[in-house]
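Peer 1: Residue strings, one per chain:
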Amino acid sequence: MSNNATTEEIEVRTFQFKASDADLADLRRRIAATRWPEKETVKFPEKDTLSVPSQGVPLATMQELARYWEKDYDWRKFEAKLNALPNFITEIDGLDIHFIHVRSKHENALPLIVTHGWPGSIAELLKIIDPLTNPTAHGGSAADAFHLVIPSLPGYGFSGKPTTAGWNPDRIARAWVELMKGLGYEKFAAQGGDWGAIISEFMAVQAPPELIGIHTNMACTLTPEVLKALAPGAPAPSGLSAEESRAVEQLALFNAKGLGYSFEMTLRPQTLYGLADSPIALAAWMLDHDVRSLEMIVRSFAGKPEGLTRDDVLDNITLTWLTNTGVSSARLYWEWKGAPFFNSWGVKIPVAVSAFPDEIYQAPRSWAEKAYPKLIHYNRPDKGGHFAAWEQPELLVKELRSAFKSLR
Amino acid sequence: MGTRKPSRLPRLLTLSAAIILLSAGLAWILTTQAAAKPPSSATSSESKAKIRKVAMSTDSADIEIRPFRINVPEADLVDLRRRIAATRWPDKETVNDQSQGVQLAKIQDLAKYWGAGYDWRKCEGKLNALPQFTTNIDGLDIHFIHVRSRHPGAMPLIITHGWPGSILEIVKAIGPLTDPTAHGGRAEDAFNVVIPSMPGYGFSERPQDTGWGPDHIGRAWHELMGRLGYTRYVAQGGDWGSVISDAMGRQAPPGLLGIHVNMPAAVPGYLMKGILAGDAAPAGLSAKEKAAYEQMSVFFAKNGAYGSLMATRPQTLGYGLADSPVGLAAFHYDKFNQWTFSGGDAEKSLTKDEMLDDISVYWLTNTAVSSARLYWENNNNNFSAETQKTNEIKVPVGVTIFPGEIYRAPKSWVEKAYPTLTYFNEVDKGGHFAAWEEPELFAKELRAAFKPLR
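Chains as they are written, first to last, in the working numbering: chain G, 1 to 408; chain Y, 1001 to 1454.
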């Protein structure tokens, strides 16, 4: 075993990011010059459901976000945090791929590639780096240690923007395997949520011999039978467990009210010119991913932070603004061509699942068992949503330690 | 327009909308009885005087009709040009066609002209040369153009625009409709034309509350026609205008003689289920039915995203449409390219000036979000006969199928969907924006469709 491999077989160059003062000044100028629409005509619901109307991100939240972003927010703080980490760029399959690579001091640490999603970035994942690589400082033991690789997806953040079509999750998954092998890892695991979950599943479907297992916090457990039962017009499934009923309810809400943004990015990513031109357009678009995280962020900007702080939210949005990747990141949906997000892909290798309660749907154990014949871990943490690593880093770290224990 | 399917309308929403509609209905009964006036060839100032008198005598609702002129502050035009010049662009699409949306080179070309060559004042002058008014209906100031024909006995006609259109879609048809003898028609073809801006669109007021869906707008239009003294009239529309005209046909208020639509809701309910599920066309359809089925399938699978976005998250989308002129322009230009009878190149059907006039109306009135909200108000399938309850329409219906429409409804479907169909024709040019693209042909169709109702 060569977990501790140090020989890199690919050419990597170190990377630091420094936004120009002019870009930051331009950003503030644009925020200050925002032309606002009028207020929504319904009150933003505390909890969006099928029977409660919502029109999206409320004006009051956006105006408070704009005020804070322009006057108080400090990009340089986040930039320094980022630059304090070992950042690299390497070319894979013709594209510059940016990644953070933190090796644990512990021998036999398990190499793990963690992939972010949309509307996230590597900013989602920074909080878990130290606990995973340096467990003894965070309530763990040396045997819990990971070597971490955290790439930026093609078209996201500091990775290159594809100029031709074809960078779909399957191709990204192949690139990740190449990246890990290129870094000298002959045995590794993969983890992700959102697109990161789908890419990890694709890696698992490709099943290169080096990949020992994956962990997902957005499990793809909809087998053909489940999908059929949930199809529009099908009779309401009977005999569901409480876990299953909850998931069905969550999926119904997502299908009825939560897919507009993804449908637009699937069919018309390029038409979203506002994401490149208007910081407030970009921010609103990125806030409105799923109902539970939007509600959390609205509370956060109303002075009740939980999970994500205002700075967390703006670090991620500012990173996307400064790299002008609103449209290039949306294109991943176009590449996905409208395939269902939660389909079971027939993974045969070991899979660990953490089903957070406020995820788009909390995958029931029964579905996970059917979707993953080698389910090595299943747990339902008691809080957290779509952005597990970002909202509940301690819980996710605990999950990852326990999930991969049997594979070390 | 045309939205992705809603599986369930939020119950709370339906309830509150029903309450609002109920009270709107009461207001409608109260005001129309007071304002009913015989049609006459009175000049607009004469009819205005009469209506003022009525307003004074009822001492309840304000039903006054006020003249209206557009005068955009110079500062707004300067700000618009400044924003266009300061546009930050994304990188180019990764394909060599329109499959990712409006191509960078095309929108940059349009934006360049908008920022440097385009003259809003020309459009403003053209609109201000027309008789424009506002009147308050159900608490909302409604803007409309009202052009009376010089021919006595002209038929009153209310034409409703759609999204991403505006009254500008319709103005080219005003001449042929009101002055037929100058446009190849006869005096007895003449119409008196009323062209309102929908609530939340253009120069009409933006609703501050929910409830302004097609039914409510339909009732408001009847109220408007009553205030103008029209007791016998017809209604026409494409896009949302079709949905609203259908709604009026269902309501069948006294005096509505008939409707004409150029985007009928004719898809049979059982077929719409298959279309939304992505099923291939079932066996047994005629060639025209199969083609229409496939056009609908492509629409819902490949072109319907804007609709589901506006139907579910108008506010979230709206921040960029309100703040970025190019963001707004691209959202509309996408549809002009797709829906004109131009093979995907809108400039073959509409001039840059025409498209930018329309886009500028949205920008200068900051109504992108309020217009998008109509989809939220009516998260419904606007092509389905079943959803639009076309079989409940009680007045005569005329339908014209333009070849570039989102789908070409076959006669067999239209006849079933509209039991009171009295006119059906297929023409050989024009698209979704029929009145805008082919005003003369559009006027000819209306003359033919409404002739038996005069």
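Hints listed in this document are in silico derivations from the structure and should not be mistaken for laboratory results. No experiment lies behind these values; they were computed from the predicted model shown. Just so it is clear, CB atoms sit at the ideal spot from N, CA and C, and this is done for glycine as well. Be careful, since some hints might not be right.
What the hints assert, rightly or not - A short, non-exhaustive set of chain Y residues, derived as facing chain G with CB atoms under 8 angstroms:
#: 1; residue: Ala1085
#: 2; residue: Trp1089
#: 3; residue: Ala1105
#: 4; residue: Leu1140
#: 5; residue: His1183
#: 6; residue: Arg1206
#: 7; residue: Ala1322
#: 8; residue: Phe1331
#: 9; residue: Phe1341
#: 10; residue: Ser1342
#: 11; residue: Gly1343
#: 12; residue: Val1414
Claimed, not checked - Some residues of chain Y that are not near chain G, with every Cβ distance over 10 angstroms (derived):
#: 13; residue: Pro1090
#: 14; residue: Asn1136
#: 15; residue: Gly1185
#: 16; residue: Ala1281
#: 17; residue: Lys1288
#: 18; residue: Arg1313
#: 19; residue: Val1369
Peer 1: The structure should be examined with respect to each hint, and the outcome stated for every one.
Peer 2: Status of the hints after comparison with the structure:
1. Ala1085: Violated - the Cβ of Ala1085/Y stays beyond 8 angstroms from chain G, reaching only about 12 angstroms at its closest.
2. Trp1089: At 6 angstroms from the nearest chain G Cβ, Trp1089/Y passes the 8 angstroms test, so the hint holds.
3. Ala1105: Hint violated; Ala1105/Y Cβ to chain G Cβ min 11 angstroms, cut 8 angstroms.
4. Leu1140: With a closest approach of 12 angstroms, the Leu1140/Y hint is violated.
5. His1183: violated, 37 angstroms
6. Arg1206: Status holds, d = 6 angstroms.
7. Ala1322: holds, 4 angstroms
8. Phe1331: Constraint on Phe1331/Y satisfied, holds at 6 angstroms.
9. Phe1341: violated, 21 angstroms
10. Ser1342: violated, 17 angstroms
11. Gly1343: Since chain G brings no Cβ nearer than about 19 angstroms to Gly1343/Y, farther than 8 angstroms, the hint is violated.
12. Val1414: Constraint on Val1414/Y not satisfied, violated at 25 angstroms.
13. Pro1090: At about 4 angstroms from chain G, Pro1090/Y fails to clear the 10 angstroms cut-off, so the statement is violated.
14. Asn1136: holds, 18 angstroms
15. Gly1185: holds, 40 angstroms
16. Ala1281: holds, 18 angstroms
17. Lys1288: At about 26 angstroms from chain G, Lys1288/Y clears the 10 angstroms cut-off, so the statement holds.
18. Arg1313: At about 4 angstroms from chain G, Arg1313/Y fails to clear the 10 angstroms cut-off, so the statement is violated.
19. Val1369: violated, 4 angstroms
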